[in-house]
Amino acid sequence: MLNKSFLVLSLLACLAFRVNAEQAVTPPGLEYCTVCHGSQLKGNSNIGAPRLSGLSTWYLSRQLRNFKQGVRGAHPEDVTGKEMMSMVTHLSDQQLTEIVEWITTTESELPRPSISGDIQSGKALYKSCAVCHGEGAQGNEQLGAPKLRGLNDWYILTQLNHFRQGLRGIETRDAFGQQMQAASQILTTEQEATDIASYIQQLSITKSKS
Amino acid sequence: MQNISRREFLSYVGAVGGSSALLKTSLAMGLMTQDSYSGPVKIRPPAPGHKPTVLILGAGIAGLATAFELEQAGYQCIILEASFRPGGRNLTVRNGDKIDEMGNPQICEFDKQDNLYFNCGPARIPGHHRRLLHYCKALNVPLQIKANSSKMAYFHDDKSLNGKPKRIIEYHTDVRGLMSELLWKSADANQFDQLLSQEDVAKLMTFSKTYGDLTENGKYIGSERAGSTTDRMLDYPKPPVPLELKEMLDSRFWYGGLLGAEIYDWCEPLMEPIGGMDAVVNGFLKQLDNAPVLNAQVKKIFNREDGVEVTYERGGQFHTVRADYCFNNIPAYFMKGIENNFSNTYQTALDSIKRGHLFKIAYQMSDRFWERDGIYGGISYTSEPVSQIWYPSHDIHASKGILLGAYTWDPKVSAMFEAMSPQQRLDAGAACGEKIHPGYSQYIENGISIPWARMNHQMGCGMQMSKDDFKQYFPMLQKPEGRHFMIGDQISHHSGWQEGALASSEQALTQLNLMLDKQIYAGGERHVK
Ligand SMILES: Cc1cc2nc3c(=O)[nH]c(=O)nc-3n(C[C@H](O)[C@H](O)[C@H](O)COP(=O)(O)OP(=O)(O)OC[C@H]3O[C@@H](n4cnc5c(N)ncnc54)[C@H](O)[C@@H]3O)c2cc1C
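In order, the protein sequence lines correspond to chains A and B.
For the first sequence, the positions run 306 to 515 when the working numbering is used.
For the second sequence, the positions run 981 to 1509 when the working numbering is used.
Heads up, some of the hints might be wrong.
Sample of chain B residues at the chain A side, in silico, Cβ under 10 Å [to be verified]:
id: 1; residue: LYS1078
id: 2; residue: GLU1081
id: 3; residue: ASN1084
id: 4; residue: LYS1279
id: 5; residue: THR1291
id: 6; residue: GLU1293
id: 7; residue: TYR1313
id: 8; residue: ILE1318
id: 9; residue: GLU1319
id: 10; residue: ASP1331
id: 11; residue: MET1456
Residues from chain A that keep clear of chain B, each with C-beta distances beyond 12 Å, as calculated [what the hints assert, rightly or not]:
id: 12; residue: SER421
id: 13; residue: GLU446
id: 14; residue: LEU448
Just so you know, these hints were derived from the structure itself, not from any lab.
Quick reminder that beta carbons are idealized off the backbone N, C-alpha and C, glycines included.
One chain only, chain B, in its complex shape:
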């Protein structure tokens, strides 16, 4: 062993034991950081000759993944889905697709072209969402890089810099310069002498000079890092006039834009399935033995001694079905309207999950005008109600493009859009867009709006639970009640991300394993009808 290097040893392990052995050995040798994810749960297989039955309520990502894993393990699954389509919030729309908003159904009028689609719900996948990426790989869902940030895009605030949009690269450069200047000044005024040695203070000053592109005497006077107001190829560069410290402090770009690419879930590069996020849904559907039963709205759920009984309505008829287990993907706030025999505490726990309000607009643009402005993908942030404008990073230089014209998280702003008619929303969104890209409206050919808190069978996105409720009820909802298991991103610390939905499924299946283990100890299989 002494004679071979670590690398040689690892390639030996890899050759003999395959990649998983390699991974384990690398982890053991401290060469890679430990990641708790090691693939889907291994579900305890049923006893020979048995095919336990499972009802899965809702064909969201959590429901689909749960069905997929259970089928692989030898269980018979039926998915009951209330909507006319599977996928839940994973919704990609194209020409002719229906957006099933309560009271305001819309039909997507994008041109019939492969590149003209819109991800109404999930749109991006970071590299550390290991579960989702596992399924993308296993289900052959091809991915591409999605530019989630473009430093060429804009910050805009009507109340600052006279409402003039500012390129993100300029703002970032100025913020860094101004902050570094303060740091340099403090160091120069001996503010750090208690904390650092003289030598380290000198290093700090050099650091701030480099970090902020300061002059020899610690001044920030603008930087070529922000670009140039002249043609840099033929002329001497002339940096844009920098922000004043006061202007920077008065502007409101600190959160959204400033941190747009700095937060773990948004850290570059992000990914997206080629051709639309619903490729993940289709990937699952292709593998399932039984397609979800659509237009099947669950109305009753009753735990029985040796299984779960569910009543659903479909085409004006009630159907009551029974199975050994039930995994429930239905948004928890609907459960009060669904008859059940849950304990009061369990129902109270379900009620503690509140609706969230996310809202998106998308426009079909006749021309990818943003590309002429140097923007290829990424996001502009604005203080206007639309909050964000996303530029597609797929199909660059195509003739047309689908632009995200609004993405709001503030419940008040979303509620304002929810109360409008679809046309009013598009008009309001266009007026906001004009402020960032003059002439914006003239490119709009058609558009759609998706208020998630008004979508049929959803009525919300982004589970909201008070801190206290979370502490009290979340652990309870992670456990089954009888043979009924709650799943969905609502049963995770990360609601609003498909990874949370998949984690909930994994967690519930782990609970199933525990239950099965107990049944074994209690004396034999009880997978009986």
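Okay, chain A solo, but in the shape it has when bound:
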């Protein structure tokens, strides 16, 4: 068996020239993450799996713990949340730490706009979000408000809707989620949620250019 695969590999070496990629390798056992979240965890909207590269460690740890403890993803209508929950339930705390470490070493291109909201309206609405998440959507650890820059716009929209509709942030064990759930009530329409998501998307691109 070993011999066979060695043969195949040496064959590959001769039929094609290799380029050594300088990228974060997937730790053994965590290949599953990349099936949905994609290469370098760049995200895949077709599966509903967001881009993870660039998120803050403290936020990632909290969310993974939430998934593991059924604090997030337990709502029957949160289909993708539930899918994620089933991936984390069996993992040890040590593995969760490893995942977070690995995520922070990944690098992927910034997401492109996938929804078209009214950016001016989004900008106005974002003012109240900026109090916690920051003007540049860079996040604020003291307030427990995650960085939003670099997240996919479709994912921001989905999560805003989940908060608004009580699919996320209704668990008493999830204090930060509850805060966000309350804050999301300033949005009264799907359109407003779309506008904000588009604005944050726009923000990610401009800020990172400068």
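Assemble the complex: chain A is given as a structure, and chain B with the ligand must be docked to it using the hints.
Relative to the frame of chain A, chain B with the ligand by itself:
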């Protein structure tokens, strides 16, 4: 020529020209219906001294067939497969096999016996799936008849007939009788006089009488065709009490069960490879020069000027390889997570292919209790979440059997099962089975569940594309982008069937031929590294 009959002429053609000449002549003489399939594509062979290289991404049926044909034509192929096993959705499990569900890996605990296996994906082959049957023959995959319908099996709906399961033969007989009675009545009331002559109306009435087994005056009062409530060998037969028209209309068996054997892809007899559908996969593997590289997850695909560059990860290392051509069998909805330099439109076309949700359960049963009930193979249909129960038609009268305990297509129902733990699924399936076969649960020794939308490296089955997207994007995906060709049942009108996967491979290889022809006209072979 006048002196010999057509048949004599054909046997002469056959003797001289062999069976393909015979086939062509028969077609020309209008003795057989034209079938567009005439064997695999003849790939343009490379120029002498050249061995063009091809990367095949994914070892599904489409990938394997493409590699097989290209190798035969003199190309050097490497198959990169993300999973620990080749075959993709063509998955047969036996004792000890792993079912690689995301978050819920299961190990199959069937007893270690040749007859105890389960086809988690494809399970049946109709006689007109010519490509697949061609390969079964060419690869020496022995087939047997698979009973896909049994009129002794049941229809069951909790909301009709007081939830009592009804034998399919009884239901079919009653439906025919009741419909024929309506037809007879309409004819008798001169409803067809504008349409038909008096003589033809009379014929129609005789037809309906025969078709529905009606009485002399056009009444349906039940029929012996549905069987008997007495022992027919020793007693006068007594047909079961027929359904009332209203009961029939209120029941919900019309689709599934009623048409179970009436649709082209399910038309009897169907076939299955002896010992499991993965015999097809093994058949290809035996013929390939290079075994697929397993655990090799493709992460990047880049079209380059004179070839395709692919990066995959294997055992914690990235490998970048190049080849002249690339055939991509990866489910298209994964492509957004794979770095590439495709045009925006091509990527949008790939994104238009959505995940499907199919779900199966299988139980190892300590006893083939269904056989004592007269059921040998076939399917019972129920309105319960499990939808279908399949009885194995192989290894009849063996001591144990693997029963399909659920097969769901409704995305909502499948999603419900997907969200459960494997044990919860088996329990829910058992509760449904009880309603059709009281005592069902006591025979269950162990079981497995396969939610295709949660399987590693698959995340779906049964490509879904909106009508508009299909019109706009399907033709685009049938064409290569650079030297990258998409394949798989997803690139066919018949996703969810291996025949579709093989057709896509054939189509892509035809495109390769076109590309090669163009290169020739553009001035010489360009099969260079
Ligand atoms: C429940 C069910 C019932 C079915 N019933 C029938 C039937 O009765 N008869 C019939 O003919 N057909 C049936 N089918 C359909 C049949 O299984 C499919 O049409 C066929 O197997 C599809 O083959 P494919 O080559 O298109 O793709 P797949 O089998 O999906 O192959 C894709 C391959 O790509 C690999 N891959 C994914 N990501 C990567 C990556 N990043 N890098 C490398 N490799 C990757 C996967 O692991 C997989 O091996 C059924 C399917 C299901 C699920």
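Hint-by-hint comparison with the structure:
{"no.": "1", "hint": "LYS1078", "result": "14 Å, violated"}
{"no.": "2", "hint": "GLU1081", "result": "9 Å, holds"}
{"no.": "3", "hint": "ASN1084", "result": "6 Å, holds"}
{"no.": "4", "hint": "LYS1279", "result": "4 Å, holds"}
{"no.": "5", "hint": "THR1291", "result": "6 Å, holds"}
{"no.": "6", "hint": "GLU1293", "result": "6 Å, holds"}
{"no.": "7", "hint": "TYR1313", "result": "4 Å, holds"}
{"no.": "8", "hint": "ILE1318", "result": "6 Å, holds"}
{"no.": "9", "hint": "GLU1319", "result": "5 Å, holds"}
{"no.": "10", "hint": "ASP1331", "result": "6 Å, holds"}
{"no.": "11", "hint": "MET1456", "result": "17 Å, violated"}
{"no.": "12", "hint": "SER421", "result": "15 Å, holds"}
{"no.": "13", "hint": "GLU446", "result": "29 Å, holds"}
{"no.": "14", "hint": "LEU448", "result": "32 Å, holds"}
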